[in-house]
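Peer 1: Here's the letter readout for the chains.
Protein chains: 2
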Amino acid sequence: MTQRFLFILFCSLAIATSASADPLPSWNDGPTKEAVVSFVEKVTKKGSPDFVPENQRIATFDNDGNLWAEQPVYFQLIYALDQVKKMAPQHPEWKTQEPFASVLKGDTKKVMASGKEGLMKILAATHANMTAEEFQSNVSDWLKTARHPKTNRPFNEMIYQPMLELLDYLRANGFKTFIVSGGGVDFMRVFAEQAYGIPPDQVVGSSLKAKYEVRDGKPVIIKLPEINLVDDKEGKPVGIHQYIGQRPIFASGNSDGDYQMLEWTTAGEGPRFGLILHHTDAKREWAYDRDSHIGQLNKGLDDAGKRGWTVIDMQKDWNMVFPHEKP
Amino acid sequence: MTQRFLFILFCSLAIATSASADPLPSWNDGPTKEAVVSFVEKVTKKGSPDFVPENQRIATFDNDGNLWAEQPVYFQLIYALDQVKKMAPQHPEWKTQEPFASVLKGDTKKVMASGKEGLMKILAATHANMTAEEFQSNVSDWLKTARHPKTNRPFNEMIYQPMLELLDYLRANGFKTFIVSGGGVDFMRVFAEQAYGIPPDQVVGSSLKAKYEVRDGKPVIIKLPEINLVDDKEGKPVGIHQYIGQRPIFASGNSDGDYQMLEWTTAGEGPRFGLILHHTDAKREWAYDRDSHIGQLNKGLDDAGKRGWTVIDMQKDWNMVFPHEKP
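Protein sequence lines correspond, in order, to chains A and B. Residue 557 is where the first sequence starts when you use our numbering, and the numbers rise one by one after that. Residue 557 is where the second sequence starts when you use our numbering, and the numbers rise one by one after that.
Next up, chain A with everything else stripped away, as it sits in the complex (with noise of 0.2 Å):
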């Protein structure tokens, strides 16, 4: 009777332990976690007016500056800057064609400058003209040798712990978890599910048109250098509508490129949550926000309180940014 006893004993401990178990560990206690932990309740209790269905908790993220850093450049943008100097002596004639002699002297100012039609110049070199096995291929080399600038760690380890652990949270109750992001989907495919855990088929993000075709007798899909998304701004719900084809109650990003999603998805009808990362935290990560190149956030900034958005303050609402800082 004693052994039953402390069986029972132990079990009840081990249940109490598990419910009690904080499934945001890298968050700390306050209103912003209190929000997205209270919203998660609500729309899951039974019962209750604004519980969801599970088919329609559709949680959509963007992906640069949100789930990853973006700083100092989008990530993708070195890949394609490292695509053209590793392509380079396959193309003497680009120590004479801007932006690509700018891009081999290193001169990212006067690339920069090169405007759209330069970076469209870039694209097409590195993106385009290609299987998209061969792209897959060469993002995944990069992936596993190139190193961030600043903290000298592979790119994919450059995602924030608390997006991981609000990712999970969110699936462990019914939620689907989307990348909508301004990012180029096939690079973002490369390692969204083995970093964040999200499918290929979850991953919306800007795309070039492709083409099918036969080429000795093997199929294969063709990259064209000719856009068919920019999922960003009002791309951003037309992404959402073309490929996940409803309205989500959750969404997440970090710069005014995200607004248009945060309005769309909280303009639904029934509880809706919006929420922007705000970079704040010049020691672990970067500061950034009205003023910044990249990942810019202004207008988000004015409205999130009349919107109801919540604003995650990353210096004060994560207690760790990098998984590597894991002790």
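Be a bit skeptical, because a hint or two may be false.
Identical copies look the same in the list; a pair holds intra-copy or inter-copy alike.
Claimed, not checked - Below, simulated PhoX-like cross-link-like pairs (lysine-lysine); rule was C-alpha separation at most 25 Å, straight line: (1) 666 to 882; (2) 765 to 789; (3) 672 to 765; (4) 882 to 700; (5) 855 to 767.
If you are wondering where the hints come from, they were derived from the structure by calculation, not from laboratory data.
Using the hints provided, position chain B relative to the given structure of chain A.
Peer 2: Same frame as chain A, but now just chain B:
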């Protein structure tokens, strides 16, 4: 003790029954059913050289003539023609304007003769220049009242019972099931979840371009009268690449519009399955293939053997076609 013995006996019986329960009862025993089952068994058997991890178990299904019927014409065309009739009072000019005049006179032959240009006009009038929500609500209303011209059944009951079982069987074995159809994605998403258990984000189809705007303070998605993707023939592998982001290991179709999807799927490395539904049942459904005005199956029949694709003979392989045949 007798009670306990009976309880154990009952449990064992229940387990035995459940283990031997046929997951595909509407499929007759024979090589077709056997091919499907042995494929699923080998890719799900841990340690087998043909084992495929769950996150790669992607199965794609055409819709028209594959999950639901497509005779006498695509149901979405019937929807479009019904909408023209419903909208006619607001468009007195249609009485003399083709192809609308022929639609209103019920002269389907002349409507079809108006070709691509005529059909684009009907598509623009009935599928565009409205919000996505308006379109969705129109389709939903139509499905409630419209009836199939031959069977007098609601269109979303003209679905194939054996395919519902196959979808369930695949999902029970860790597959993620997708629709990849030439039909309109916004049209199919209205009924796909209820009819097939396939959520909106797992429906890939033809689409129009869309834009996002805020109208009188209310954000909306507007469907534009401009083609975004034709998800048919060469467009299917492109749709798969853009929306699903990885190559399926199982593809199911019924017409030459699915040829490239099966080609792309089965050209991948490792175990692959291509399935073609051959409409051979003039009594319970329809019999058509090489010369059909709709769902033409010609090249697929010629090449199935050499490509190792399994062909379903509807008459022979299915003991039930529609769910309403259930006793």
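Peer 1: Compare the structure with each hint and give your call.
Peer 2: Right, here's what the structure says about each hint:
{"no.": "1", "hint": "666 to 882", "result": "neither (39 Å within a copy, 71 Å between copies)"}
{"no.": "2", "hint": "765 to 789", "result": "both (20 Å within a copy, 16 Å between copies)"}
{"no.": "3", "hint": "672 to 765", "result": "both (18 Å within a copy, 23 Å between copies)"}
{"no.": "4", "hint": "882 to 700", "result": "within (22 Å within a copy, 56 Å between copies)"}
{"no.": "5", "hint": "855 to 767", "result": "between (38 Å within a copy, 21 Å between copies)"}
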